[in-house]
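Q: Listed below are the residues making up each chain.
Protein chains: 4
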Amino acid sequence: MIKVGIVGGSGYTGGELLRLLSTHPEARVVCVTSRKLAGKPVEAVHEHLRALYDLKFEAPAAQEVAQRCDIVFTAVPHGTAMDWVPALLDAGTKVIDLSSDYRLPVDVFEKTYGMKHKAPRQAVFGLPELHPEVASARLVGNPGCYPTGATLALAPLAAAGMVDRVVFDSKSGISGAGVEPTETSHYPNLAQNIRCYKVTSHRHVPEIKQELGKLQSDIRISFTPHVIAAVRGILTTAHVFVKPGFESKIQDKAGMEEMYRQFYAKSRFVRMTGTVPMLMNVRGSNFCDIGLEPEKGTDRLVVISAIDNLVKGAAGQAIQNMNIMMGIDETAGLWFPGGAP
Amino acid sequence: MIKVGIVGGSGYTGGELLRLLSTHPEARVVCVTSRKLAGKPVEAVHEHLRALYDLKFEAPAAQEVAQRCDIVFTAVPHGTAMDWVPALLDAGTKVIDLSSDYRLPVDVFEKTYGMKHKAPRQAVFGLPELHPEVASARLVGNPGCYPTGATLALAPLAAAGMVDRVVFDSKSGISGAGVEPTETSHYPNLAQNIRCYKVTSHRHVPEIKQELGKLQSDIRISFTPHVIAAVRGILTTAHVFVKPGFESKIQDKAGMEEMYRQFYAKSRFVRMTGTVPMLMNVRGSNFCDIGLEPEKGTDRLVVISAIDNLVKGAAGQAIQNMNIMMGIDETAGLWFPGGAP
Amino acid sequence: MIKVGIVGGSGYTGGELLRLLSTHPEARVVCVTSRKLAGKPVEAVHEHLRALYDLKFEAPAAQEVAQRCDIVFTAVPHGTAMDWVPALLDAGTKVIDLSSDYRLPVDVFEKTYGMKHKAPRQAVFGLPELHPEVASARLVGNPGCYPTGATLALAPLAAAGMVDRVVFDSKSGISGAGVEPTETSHYPNLAQNIRCYKVTSHRHVPEIKQELGKLQSDIRISFTPHVIAAVRGILTTAHVFVKPGFESKIQDKAGMEEMYRQFYAKSRFVRMTGTVPMLMNVRGSNFCDIGLEPEKGTDRLVVISAIDNLVKGAAGQAIQNMNIMMGIDETAGLWFPGGAP
Amino acid sequence: MIKVGIVGGSGYTGGELLRLLSTHPEARVVCVTSRKLAGKPVEAVHEHLRALYDLKFEAPAAQEVAQRCDIVFTAVPHGTAMDWVPALLDAGTKVIDLSSDYRLPVDVFEKTYGMKHKAPRQAVFGLPELHPEVASARLVGNPGCYPTGATLALAPLAAAGMVDRVVFDSKSGISGAGVEPTETSHYPNLAQNIRCYKVTSHRHVPEIKQELGKLQSDIRISFTPHVIAAVRGILTTAHVFVKPGFESKIQDKAGMEEMYRQFYAKSRFVRMTGTVPMLMNVRGSNFCDIGLEPEKGTDRLVVISAIDNLVKGAAGQAIQNMNIMMGIDETAGLWFPGGAP
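Protein chains in written order, with this note's numbering: chain R, 1 to 341; chain H, 1001 to 1341; chain Z, 2001 to 2341; chain E, 3001 to 3341.
Isolated chain R (complex conformation) (with noise of 0.2 Å):
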C-alpha cells in the first residue's frame, strides 16, 4: 500500500485528492496538513467524506511528511509550494506539486508569476499523455487545468506540424478558482452569466506555448477564458487555422479523428467522442472527450475538449502520475466514469 501525504488539504485541490483517494486500491493517505484546521478531523471541512476517512489535519513540519509517506502531493498556492517541495525531495520522498511551481523554466515562471524562485528543482511537466518520462521522475509538475483540456486536443496537430494558429476559446467551471467567496464566485453574479476575464493575458499561456511549441515549434497560439456557471469542468474550443497545404487533409472528418485515435492509442483517457464532447460526460471523472468538426471548404478545424478541471485537470491527473512514478497500472483508482447526469 502506498502511503501518501497531502500538504495543503483544506481546498478544492486537496479535497479533490481525499476523494479519489479513498477509493484507491494501493494507495492509502495518512497525512493531510492545514494550518488552520490542524487538530480538526478532514470532514469538518469536506462534508462529503464523512465516513470515508478517519483521519486529522496536521501541521507537521516537510521533514516528517516525508519520513511518514511514500510521495507527497504539494496542493498548496503557487509560491508556497516551493517552501515545502525541496525539503521533501531532500527528505527522501517523491513530490507532485499542483502548484504552478514546477511546470515553467525558472526565467518563465518569474515573468509569469511577477515572483523570485526561491527553490528551483529539475521536474518533469506531469501530462502523462505526452510525458513518459514522468515514471522515472521523482518531482512532477502538475499541468494547470487550461493547458491540460488545451494540449490535449491539439497535440496531435501539432505534432504533424499542420498549424498555422490556434485561438483556444475555454470555458471554465468556477471552481478553478478556488474555495474562497470572491465577488466573481458569488452566486448572483455567477448564475445565468458567463464572465470572460483576462482576455488576452491568463498566466497558463506559457504552459500551452511550451508544451505545443514543442510539438510544432513555429505554432501561433491565442487563448482566452471564460468562467461559466458551472461548478465542473473545462471545455476548450480550438479554432486551429491549418498551414498552407493541409486544407484538403483536414476536410476527412474521419481520416483527421482517426489521426487522433492512433496518437492517443495508448492514452487511456483520451476518449475519441465523435461527437461533440460536453462537461456533462466526464464531470467527476479522469476522462479527456475530443471531438472535431472541419468548416467546409476553409482552412479552419475546429478541435473540442473537455475535461473536469478538479480531475484530469488538478487532483485526477496527479493521480495518474503518482500511479505511473509508482509502477502500478496507470488507470488504478481512476478507471470509473463520470457522474452524468
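Here are the simulated BS3-like pairs of lysine-lysine, each with C-alpha atoms no more than 25 Å apart in a straight line:
1) H/K1116 with H/K1209
2) Z/K2198 with H/K1296
3) E/K3243 with R/K209
4) R/K209 with R/K116
5) E/K3214 with R/K296
6) Z/K2253 with H/K1111
7) R/K249 with E/K3198
8) E/K3111 with E/K3214
9) H/K1296 with Z/K2111
10) E/K3249 with R/K198
11) Z/K2040 with R/K253
12) Z/K2056 with R/K266
13) R/K198 with E/K3243
14) E/K3209 with E/K3198
15) Z/K2111 with Z/K2214
16) Z/K2296 with H/K1198
17) R/K116 with R/K198
18) Z/K2266 with R/K56
19) E/K3296 with R/K111
20) E/K3116 with E/K3198
21) Z/K2003 with Z/K2094
22) Z/K2198 with H/K1243
23) H/K1253 with Z/K2198
24) R/K94 with R/K118
25) H/K1214 with H/K1243
26) Z/K2214 with Z/K2266
27) E/K3036 with E/K3003
28) R/K296 with R/K243
Just so you know, the hints here were simulated from the structure itself, not pulled from any lab data.
Since the structure is predicted, the reported quantities are computational estimates derived from the model, not experimental observations.
Given the structure of chain R, go ahead and fit chains H, Z and E onto it with the hints provided.
A: Chains H, Z and E only, in chain R's frame:
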C-alpha cells in the same frame, strides 16, 4: 415630480430602488448616498444602470438629504437605519425604512436582534394590502421579504379565523443575503444545492406572528427558510391545518379561491393564479401570485405564494408605499410584468 | 462474480445502475435490454460510459435474461415491470424491481396507480435499513425516491411512538422525472425557479404511510413535493409535531441525535451530520445524511434528510439490496463519497 | 396610439413582444394570433402577463389583421412568415418579420435554409445602428440574435477596413432555441454544462457575412456557437486579427474604445463599458454592451459584446424598428435597465 433620496445605495436593495425608479413616471432620484463610493457614478457598482442615470454617490448629512428630497428610502443594515431615520423625519421629509428597525415594537425588536433600539419612532408596517394607514404615515417600516410572502398567503384564512396551525416552508433566492460574497453565496455551495438554515429561529418570525396575529389571535405559526439555487424570488409553501369545523369548507377549492379573490379585490398586485404559482412568473415584478390546493378529505390546505424578494419583498413594495404616501396611484412605475422566461 | 442483468437500460435509472456497477468489485453486467436501442452500444445513449463497457443493448425474452443472470434489475416504467418480473422469477433468477409495481399491497397499488395489477408476487420492501429480510428475498420492490428520504428521516421517532403529526416538504432534483424532455424539465422553466407539484396527492404517499405506519400506527402524515433547479438529490424537510409529553425530550438536541445514531448504528449509509444536511454532500453517493433541530419551547422538531435520488433513492439502494441478497458486504461497490463541490 | 398586431404570439418571441409592449407609452397590442390557442387569454400560456392584458389569442386572416393594425410583427417560424408577409403588406400595413425569411437575398436564403422562397419582397435589414433606411421601410427583416451581437461587435473595425480575420465564439442562452422542450433544453443536459453545436455551419453565418461584408468586402469570418446554462443572453467573444499595419493601432485600448464610441455616438442602445461586458448587465434590456482588450504585442484584439437574445436579439430590436418606422423616439418603451442581479 417627487424628489427621492436613497440612503445606502450600494447594495442590492439600493440598486433595485434605482432600477425601478429609473422608469417611474412621477419620481426622480436626486440623491443616493454611500460613504465608501462617494464621488463615483452609480454605474461603477450597478453596471446594469449605465446610461440610465447621470448621478454620483454622495455622503451628505441626514439633514441635507431631507432638505433636497420629498421622501427618503433608507436601505442600510438594521441598527444603522436608526441612526438616520429620526434625523430625516425631524428635518421634515417622509421616510420608508427597508431595514428591520421600524417593523416591530421596541421590546420585540430588541429581543429579536439582540441590540438596544437607539431611536424608536411611530411607524406603520408597510404591507399596503393590510395597512391602508400607510397613506397618512410619515414613517413606514417596509416589511421583510419572508413576512411579505407568508402574510399575504395566509391573511384571508387568518381574517376568517380558520387556522389552527400553519407551517411556512419558504424557499428564497440568494439575493436576500446581500451583495457581499459569503460561504453560502459561493457558487459551488449553492448551485445544484438547497440549504435549510436558521431552521427554527429566523428573525422574520416575529413579523409574521405580529401581522397574522392581528388577524387571528390564536393562530399557531411555524417557519423554516431555505436558500435555493436562484437569485431572485421567494416561494412560500404554507401547510395550513384548519380548526375543527372548517374541514369541509376547505375542500371547495373554487370557493376558497373566491374567498381569496374577494379579500384581495382592491389589491392590484395580488394575483390569484388558479394554478401553482412559480417564481418565474413574478421575477422582476411587484406581483404576489397565490394559489391553493386542499388535501382530499383532511384538514390540510396548502397555500403557495410567489414573490420577487427584491421587488414585492423589498424595493418594489417600498415604492408602492411611496406612491400611496405621496397620494399617487399605487401602481405608478410598478405596473409591468415579470421577465419570464 | 455476480452476473447481473438490467431490463430497461436506456433511462436514468438504468444508466445509473450501469455507472455504479462499472466499478463493482464482485458484480458484472452481462445483459442490458432496450427494445428501441437493441444493437447499439451502451455509450450511444450513456455517453459518459464510453470506454467503461464493451456491451450492446439487447432485446431478449425474460427467460433468456434469467438464464444468463444471477440477479436482474427491472428498470422499466410501472405497469411494465409486472410483465417481466414473474417470468424472471419463474425462470429462477432473483429480481430487484425499481418500478412501483412491487412496493405496495395490490389493492393500494391499484388505487394509487389507477390500473389493474396483472401479476402480484410476494416481495420485500427494499429499504434495507428497516428490512433485514431483504437478505432472504427473491423479489425486492425497491422504494421510491421520496419514501426513502422521508422514511429514513422519521423512522427513529416513529419507532419511539413520538410523532403526532409530520409534514414532509420535499425538494427534488429533476432527474427523478426521467430522461424524456417535458415542459417541466425544459431549462427555462426550471432554472432560477422551483415548482410545487401534485401538491397534496403524490403517488409516493402510500409508501411513506405504509413504512412509517408499521413503526407507529397512529402517525399522521402530510407530504408535498417540489422540483428544484438541480439534477440530482432530494432534500426532505420534515416538520414534526410530537405527541404531548415529548415536548421537553425533543429540546435536547444532542440527545435526539444520539437516539438517531443508536437507531442507525448498523446502517452504514446513514450519516448523522450534526449540521444541516445538504445535497452537495451526498451527490452521486449512496449516503443518506440526516440532521435535526428542535424549535425552542414548542412541540416542533425539524428533521432534514438528504439523498441522491438516483443513488440511495434508486440505483444505489438497488445495488445495496443486491449485495445483501447475494450475501456479500452491503457496501460493496458503493463505498465512495459524493462529488462535492 | 399605434395599433399593433402580433402574428404568432405563443412562443418566446411573441411573449417577449407582449411583455415589452405592455408598458409601451405609444403602442397597444390589439391583436395577437395563434391557431392552436385561439380563444384563450394570453396569460393561459404567458402566465407572467396575468393582469397586464385583457386580450385573447385569435386566428384571423392576414387581411383582417392588417386592417385592424398600423403595424404587424410576424413571430412565426421561417418558411411560415412568407405565407403572411405579402398579404399583410398588400393590405396596407407595415410589417416587421422576426423570422429569417426577409433578411437575406433570395438565393442565399434558399441555399441556407434548404427551401424555396415562395414570396420574396423588398425588405430592409433591421439593425437600426447600421441601417437608418429602416425609417422609411414598409417591411423590415429583423436580424437574427447571433448576427446582432456579432455585427455590432465588429462594425467599427470593419468600417475602418482593419480586419484580416475574425473568429466569433458565441455563447447563447437556451431561450433562443424556443419554447418547445428538446433534448438540448432538457434541464439535466444543460445545467452545469455547455454545448457547442453546428460547430462550423450555423445558419446565421450568411447574415453576419452580409452585414460585415458591406462594411469591409475582404473580411474573413469564422463563427462557432455554444449553448450555455442560461435562459437569456448572448455573449460574443470576437477574436480579431487585424491587417498588417494596424498592429500598433490596436494596442491603444483607450483609442480603440474612443473609435467605437464615435462610431456609435448616435446609437443609444450601444454602451461601451470600459470593462468586460456580461450578460447580467443587459438581461431583459435592449442594450448591447461592448468592451475590448488588445493582446500585448500581437495582431489580436478581442472584442466582446453582450445582448439579451430575446430583446436586442429579437423582440426589443423589433420594437426599436417599429419606433423608427412610425416616426417616434427610437427608445420609446425600451428605455429601462436590465434586471441585475
